[in-house]
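Protein chains: 2
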Amino acid sequence: MHTLNQLEQEAVTLIEKESFLKEPLALYEPIEYGMKQGGKRIRPLLCLIAADMFSDDIEKAKSAAIAVEILHNFTLLHDDIMDQSPLRRGKETVYKKFNSNKAILSGDTMFALAYKYLLDYDKDIAKDLVEILTQASIEVCEGQAFDMEFETRNDVSIEEYINMIRLKTGILLSCALRLGAVTANCTKENLVLLDEFAQNIGIAFQIQDDILDCWSDLEVFGKVTGKDIVDNKKTFLYLKALEIGSDRQQNILKELYSSKNFESTQKEQVVKSIYEDLKIKEIAKKEMVYYHNLAIQSLEKINIDQERKENLRLFSEKLMNRNK
Amino acid sequence: MHTLNQLEQEAVTLIEKESFLKEPLALYEPIEYGMKQGGKRIRPLLCLIAADMFSDDIEKAKSAAIAVEILHNFTLLHDDIMDQSPLRRGKETVYKKFNSNKAILSGDTMFALAYKYLLDYDKDIAKDLVEILTQASIEVCEGQAFDMEFETRNDVSIEEYINMIRLKTGILLSCALRLGAVTANCTKENLVLLDEFAQNIGIAFQIQDDILDCWSDLEVFGKVTGKDIVDNKKTFLYLKALEIGSDRQQNILKELYSSKNFESTQKEQVVKSIYEDLKIKEIAKKEMVYYHNLAIQSLEKINIDQERKENLRLFSEKLMNRNK
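Here the protein sequences line up with chains A and B, keeping their order. Heads up, the first sequence is in the numbering used here, so the first residue is 105 and it goes up one at a time. Heads up, the second sequence is in the numbering used here, so the first residue is 105 and it goes up one at a time.
Please note: incorrect hints may appear among the correct ones.
Okay, derived cross-link-like pairs now, BS3-like style, lysine-lysine, Cα gap no bigger than 27 Å in a straight line [to be verified]: (1) B:K337 / A:K126; (2) B:K227 / A:K292; (3) A:K338 / B:K126; (4) A:K364 / B:K200; (5) B:K126 / A:K337; (6) B:K126 / A:K227.
Reference listing, derived: stretches of chain A covered by chain B, where coverage requires no fewer than 3 residues with Cβ under 8 Å from a Cβ of chain B [to be verified]: (7) 122-132; (8) 218-224; (9) 262-269.
Think of the hints as simulated: they come from the structure by calculation, not from any bench. Beta carbons: idealized from backbone N, C-alpha and C, even for Gly.
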């Protein structure tokens, strides 16, 4: 068994040392650029943690870990075109640095490359791995479609929001864990529990993201806060405030979210003061803890020695206590 | 064994009767629309022909046939965004009817759906099928990248052009044939020969396309001819004329291809008169026949009864004698 710290280093090194450069450069340069933008490499890490839980062999999980990171980066690459996001992790996004056409095509190639890494496995498990990756990809796209649909809808429920972030975030975390677990011959029962764990952690993670975007310290967070409010993003915070606010508060929120032309500092202040009046931060934290606890309950049911679950428990706690 | 006509009808019906509609509609409506635009369904047909060659069971090949048609339509969907093409087969393209973001995301989902259909197979052959689809997808993207790169280059050789159309067209035909063949337990040796057949047919098909775009009868072809010339597309015809033309002819061609602002009717007349002076049409037809013959040579080497190869031979002849 490895320590969490060892696995974190392995995940980072694994992606850093993998080269995606080849001819035609017009296709592979954007891929190399996108894959080397840094980040916490959470998905390959989860893949390695899972492999380490069910066997001591993390070597066998490495191709799957690369596959899931490629898949994740492919979704970022296409999402950034759709959202017209100029920056990611402080650097130009792929479509900004190259162009939209190259970003579309390089993204498509990355999707295929993710599958190529799964071909490193014997046919006995290759089909299971392909099935996990495929189902996850479809659900992540469905999550993104719901997210786009919600932008133009005024009647999004909290339940719908939770389902959307489960699809957009939880599913890929689950994919990462299950890919690693399958390479370590995990049982079907334990795979189901890992899936529950990851989906709930994903929801908690995304609610945490909503909180951080609204209230974190600019210096620590590393990006401008309040962006969700300026962009009229229907976060958990916004939807909860709409649910429990007075008619007057609801009307102010709806009015402020009806246009992107309001002066942003003042808009942010008004929205945040409503959130504070309604104790939205506390409610959101409670919700986050609720989903984290659900995740831990699934983890506890996994049928292996307690000590083998420690890395995943520790990982989830670090994720919940992050400030960026 | 089936007749070619029976298989053609099966291929068309197979795609027509498959529904892709489900929630979220924002994601699946563009997919259903894209998949139901008609067309000759050449790729599912090839998949069924191959299955019928090596077994009499085309039922088993049907999921693979749907997979390859989804993959093909996914590439069209993203290509149309990149080329900003408003029409395909006389109808609005997906990105025009919906929007670019939906076309990107629905395309991504189609790519995943293609794999989902391959999960219908036992793990004994699923990995082989996934490998064929994955390698083909990567090479088709590489072909598209070369095509984009050639737009801005003035030194594209005929060899490079042939390689590009092999990747863009031949590879997917090969993928279709090999998927079908694998579902019918074709040997590795025969798979290699099918691959050679399809890649060469793909090249011949594309050269035929270049000829049809330039000289076919508008009434029969169903779309405006001369579009490649107006769009400055570096086709086989153009590259061959550059190769064998006099310095004066080369200069005229380069000059006319240096801008999209020339009056199109006159531009087309001048380019076509150079093509005619240099007998480019005859040279292109000879080249087409050369690649068709290469394909037939590979077909002849396939180790099965001659009568089992008839459908594929007939198919290739119909393809070479098409006028649209």
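How the hints compare with the structure:
| no. | hint | verdict |
| --- | --- | --- |
| 1 | B:K337 / A:K126 | holds (26 Å) |
| 2 | B:K227 / A:K292 | holds (17 Å) |
| 3 | A:K338 / B:K126 | holds (24 Å) |
| 4 | A:K364 / B:K200 | holds (26 Å) |
| 5 | B:K126 / A:K337 | holds (26 Å) |
| 6 | B:K126 / A:K227 | violated (31 Å) |
| 7 | 122-132 | holds (count 3) |
| 8 | 218-224 | holds (count 4) |
| 9 | 262-269 | violated (count 0) |
When held up to the earlier numbered hints, the structure conflicts with 6, 9 and fits the remainder.
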